[in-house]
Structures are given as structure tokens and as C-alpha cells.
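K.L.:
Sequence lines, in order, name chains W and L.
Numbering that gives the first Met the number 0 puts the last residue of the first sequence at 192; the count rises by one with no breaks.
Numbering that gives the first Met the number 0 puts the last residue of the second sequence at 192; the count rises by one with no breaks.
Calculated from the structure, these hints are not laboratory results.
All C-beta atoms in this analysis are idealised placements derived from N, C-alpha and C, irrespective of residue type, glycine included.
There are no misleading hints in this set.
To list a few chain L residues with every Cβ distance to chain W over 10 Å, as calculated:
hint: 1; residue: V17
hint: 2; residue: G83
hint: 3; residue: P104
Here are some chain L residues the structure puts well away from chain W; computed CB gaps all over 10 Å:
hint: 4; residue: R13
hint: 5; residue: S39
hint: 6; residue: D44
hint: 7; residue: G53
hint: 8; residue: R60
hint: 9; residue: G64
hint: 10; residue: P66
hint: 11; residue: R87
hint: 12; residue: E94
hint: 13; residue: Q133
hint: 14; residue: V178
If you want a taste of the chain W side facing chain L, the calculated C-beta under 7 Å gives, among others:
hint: 15; residue: A113
hint: 16; residue: T114
hint: 17; residue: V122
hint: 18; residue: L145
hint: 19; residue: G152
hint: 20; residue: Y159
hint: 21; residue: L160
hint: 22; residue: I163
hint: 23; residue: R165
hint: 24; residue: P168
Number of protein chains: 2
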Amino acid sequence: MPPTGRRPGKADTRKLLVDTARRAFAETGYEKATVRGIASAASVDPALIRHYFGTKADLFRAAMGWPFEPAEVAARLTAGDPAGLGERLTRFFFEAWEQPRTQAPLLAIMRGAATHDESAALVREFLEQQLYAQLTTALPGPDAALRLNLAMGQLLGIAYLRHILRVEPLASEPVDNLVARVSPVITGHLTPE
Amino acid sequence: MPPTGRRPGKADTRKLLVDTARRAFAETGYEKATVRGIASAASVDPALIRHYFGTKADLFRAAMGWPFEPAEVAARLTAGDPAGLGERLTRFFFEAWEQPRTQAPLLAIMRGAATHDESAALVREFLEQQLYAQLTTALPGPDAALRLNLAMGQLLGIAYLRHILRVEPLASEPVDNLVARVSPVITGHLTPE
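Bound conformation, chain W alone:
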């Protein structure tokens, strides 16, 4: 920081905490990292982290720039007819990639994880510990985590081709057509054989 003489502001403190949390989560994993340890590494009181971010899960989400509250999304997707979970997940995913407010952070996460091991570790932790953990409870049958991975692979790969490579004709396909074509595949992955 330049020696301006001013005391560190809120934005500085927040950034310091986010950076420290990123490193901690990437290095030790979500389970082992603690709010107390992160506070200690940043030389602040743990209460300050709780004041700025809330729970450990909230801090983690802030550290990776994830634009959703996973528990809320999971609750919304798993509510209602189980047979419709695949279509709800597909529509939620593709619509999130269309809206500027969520597209920008999602693109940043996908790009960042592709090039920085720390970012990749963070996203891996997030998928394994939070998103999958929330969704697999709604999935019957064995291999639920693997089947969810294959479904996420279908969705993420299309996002990569559509929004990063912008390959035609996929990039110009209306979202409703995409949802209609891809939902049965996602439902197939989520349904045990």
C-alpha cells in the first residue's frame, strides 16, 4: 500500500480478508479452514469476519465470487416434482449464464479456475463440499455424485463452447431451445439406471 498516512478503510479490510480466505480455503480445503485461523492469518478479530461476511460458507462464497446462495438455489431446484429436477437445473444454469449480473462472475470463475491452481482448488472445494452435497441428497440411487458430475459436465461444457469459445450454431441458439434439447440429457444423468 502507498504510504498515504490514512488508516486502512473498509474496502481494504474486506479485500485483505477475501484474499486471506482464498489462500486458506485453497491450501487447506473448506472443511479444515476455520474462521478463527483466517482471522489470525489476517491479524483481525474473528468477530470482524462474521460482521463482514457471516458464516464460513458465506466467506467462502465471497472468496470465490460465487453469485448465488447455494442452499437457496438447491432448495429451489429440489422443491417440487423430482422428475422435473433435471429441467429446473438446466434452465437455472443457462439463464444464469445469460444475465449480465451473474454471467460476469460465472465467466470470471470459469476463466480463473482454468488458469490458476488456487482458483481451481476453490471451485473444486465448492462443488464437492457445497453444491454437490446439497443436491445429491435429492438424488436417488448409487453414484449420485458421479452422475451429478456428468450432468455438470454437460452444462459447463456447453457454457464453455457458447460463452467462451462462442462456437456457432450453439452460441446463437435461443435459451429455450437449449433447455428443451439439454434437459432430457440432464434428467438422464440424474436418474439412476
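Based on the hints, put chain L in the right spot on chain W.
P.N.:
Leaving out everything else, chain L in the frame of chain W:
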């Protein structure tokens, strides 16, 4: 280049040509870019490009670091029983991502395209103009290019989760199991409704 006084060597010339070709293909697209134009931009004789690389397609492949000869791969995949195309494509894809000789360049391409617009443009051109053009001729029915995109989305997304994020249990799944699980999905995408 530092003023070492030595004449540019073969490696320097090759790198200059690859860099010039990357820019040309990314800026004007594969169709419009010419060997003559790239030679002119690099201040060399077009014959030198042909000597180093061969055809425009070969130069393009060198520029993006693509580790296969697309025509040869397409011929191999489309030979034999058409009903087996999905499984052959799936097996070829996942095995290429396992072998160090091909995994490293594929990872570099996927990472590079995620963060550099020029690299993304190159990969887009490659998929649209070469790989899809070679494979869609073997695909019956309408929307062949879109269906191939959806199939590539499934494969690429799994590669992203398995080799970049290394999400479990997908990252540890044996290739044969992956092929068995994913082939029917790819065959479904490639088969018109």
C-alpha cells in the same frame, strides 16, 4: 530481439511464423487468412511457410498447438459402423486427455482459450471450419452442427471437471467406466430425433 549480432535461427523463424499466423487466423478467420498474407506480414517468402509447415491447414494446426491431424482422426472415427461413431469419438476423446503427449497440449489449449480472446478465436475457427466440417458429413439429419456442439459440450465439460478442477469422484473414474457411461449420451446427441 536482443542485439546479439547472430542471424535469426530456424527456431526464431518458426516462432515468428507461428506468432504471425496466430494473429492472422484470430483476426481475419481461417477462411480469409492466406499463406501469402501471413508470409508478407512476417516478411518471408510464402515458400518458406510451405517448407516449414505444409498447407494452410497444417500452419493453422501448428499455430494453435493442436496435437492431431484432424482429417486423419475424422477418417478414423467415421470409418466402420455408423452406430459406433459416438463410442469411438468418446473413447478417442477421453484417451487423448489421459496420454501425456496429447494431454499437455489439450490442457494448454483449453486454458489458453479460456483467458485469451485470440486463442478462443483460433479454437472457434478450428472447431467450426475443420473438426465439425469433417465430422458433420458423417452425421445424418438436420442440425448436425448443433448436435455435434452438444456432444462436444458433454466431452469438454467432463475434461474441464476431471483435468482442470479435478472434482471427485469424476477425477478418479477409470477411463473405461467413463466411456461406458458417456458413450450413450454422445450417441444420443449424434442421432437425429
